[in-house]
Amino acid sequence: MTEQLIPIDQELLDILETVSDPEIPVLTIVDMGVVRSAKIENQKVYVEITSTYSGCPAMDTIADDIKAAFKQKGYEASVAVILKPAWTTDWITSKGRAALEKYGIAAPLSEHADKEALLGNKKLVKCPQCGSQQTKVLSQFGSTACKALFQCEDCKEPFDYFKCLK
Amino acid sequence: MNNNLIQYILGIADNSLILGQRLGELCGHGPSIETDIALTNISLDLLGQTRSYFQYVAQLQGGDANEDTVAFLRLEREYKNVLLVEQPNTDFGYSIARQFLYDVYHLALLEELQDSKDEQLAAIATKSIKEVLYHVRFSSDWIRRLGDGTEESHNRIQTAINDLWIFTDELFHQTDADKVMVAEGIGVDVAMLKENYYKKVTAILEEATLQIPEVEYFQKGGKQGIHSEHMGYILTEMQYMQRTYPNMTW
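Sequences listed follow chains A and B, in order.
If you use full-length UniProt numbering, the first sequence corresponds to residues 1 to 166, in order.
If you use full-length UniProt numbering, the second sequence corresponds to residues 1 to 250, in order.
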């Protein structure tokens, strides 16, 4: 996993870190890797974000939340959605991965392991509740575009797995 | 305004729009919770991709155009999707067969479109591919499960494949706009994708113990805006709100 650090002024970063993903509230948009740049020019803030999946309905909300967060601090912000480079789960920070696990969502595996797990060939996804690796895929598609549904065979809890996207 | 480029983008985007709309009909009506969620997730991906294309089209059109005017305010003849994607959800077999026959093509198209000289199209393709890989995996899996399943599931998926097969050839027809865009290094030469497409589709159908249909006549017309009888009903439902309450927003 390569963690991509985006150079952003500490002041702007602090404000951006108050904005969370509306569907996974424990994750800030910075930890999610959707913020691609932020800068101030002539007193105005310009933020570029990228969507996780093309159809992610959270994007409009995230853009509104960013504008509101900056407004609270006295800034006018403009938010642009960029497509390139395309988002990948590798951009979720290690802090973000830990937050996901704690929230009950299994963090994405590497590309190869992800495929094996989703096709049901190997048991590789750890249950975020009890830590058992005896888990099975229930559905390759889950409650949002970015997740699949799994179940732990030991503690029997169903849980979301954040699919690898590369 | 580059009309050929606009027509070219619509030729791709309208497939995603109409297939996304068709899949959306299954929201809450899928045969099981998992398939229901999967089909609507795929619908969401396709509509998201459509938005990226339509925002680009609106930008090229200029003036008051926006993604909603492109999506909702055209007439039937102005939609350039292939006939395959507008075919109805007759049963789960038809929905899966339609998805599979489109997904294999869609992935091959995007793989080429990634190298388009048009940066915006290349960026949309690169992003969409990641999503479409999941679609192909899902629909191929179900082709195998239904084909190599019970006698009933085998017969029904075979019937769906037989019925929809006549719409596959149109995927590889070039329109005038296609030809211009291919020459400019922007568009994909779809005719080149044909051989590999049938090879891939055949391999999975054979794995699923299904017969490859043999037909003498293929249906076409969607790319020219000449649609099947189903299209009017799709548009009536899809455009209803914008026609009834112009410029409404949620």
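Please keep in mind that the hints were generated in silico from the structure rather than gathered at the bench.
Treat the hints with care, since some could be wrong.
SDA-like mimics (lysine to any residue), calculated; alpha carbons at most 25 Å apart, straight line [claimed, not checked]:
(1) K84(A) x K194(B)
(2) K156(A) x I37(B)
(3) K166(A) x T175(B)
(4) K71(A) x E207(B)
(5) K123(A) x Q7(B)
(6) K122(A) x E34(B)
(7) K115(A) x Q7(B)
(8) K200(B) x K71(A)
(9) K136(A) x R137(B)
(10) K136(A) x T249(B)
(11) K115(A) x T69(B)
(12) K166(A) x I37(B)
(13) K115(A) x K117(B)
(14) K71(A) x E23(A)
(15) K115(A) x W250(B)
(16) K126(A) x L133(B)
(17) K122(A) x T249(B)
(18) K166(A) x S32(B)
(19) K115(A) x D118(B)
(20) K115(A) x E184(B)
(21) K67(A) x T249(B)
(22) K84(A) x E184(B)
(23) K115(A) x P88(B)
(24) K122(A) x W250(B)
(25) K194(B) x T249(B)
(26) K166(A) x W250(B)
(27) K136(A) x S32(B)
(28) K126(A) x T35(B)
(29) K115(A) x E119(B)
(30) K166(A) x G149(B)
(31) K122(A) x D148(B)
(32) K117(B) x A80(A)
(33) K166(A) x D141(B)
(34) K117(B) x V81(A)
(35) K71(A) x P85(A)
If you anchor each label on the Cβ, the simulated ranges turn out as follows [claimed, not checked]:
(36) N66(B) x E111(A): 35 to 41 Å
(37) A68(A) x S228(B): 44 to 50 Å
(38) G185(B) x K84(A): 17 to 23 Å
(39) Q224(B) x A68(A): 18 to 24 Å
(40) N155(B) x T61(A): 27 to 33 Å
Every residue, glycine too, gets a C-beta built ideally from N, C-alpha and C.
Problem set entry | Contradicted hints - numbers only | Failing hints, ascending: 1, 3, 4, 5, 7, 8, 10, 11, 13, 15, 17, 18, 19, 20, 23, 24, 25, 26, 29, 30, 35, 39 and 40.
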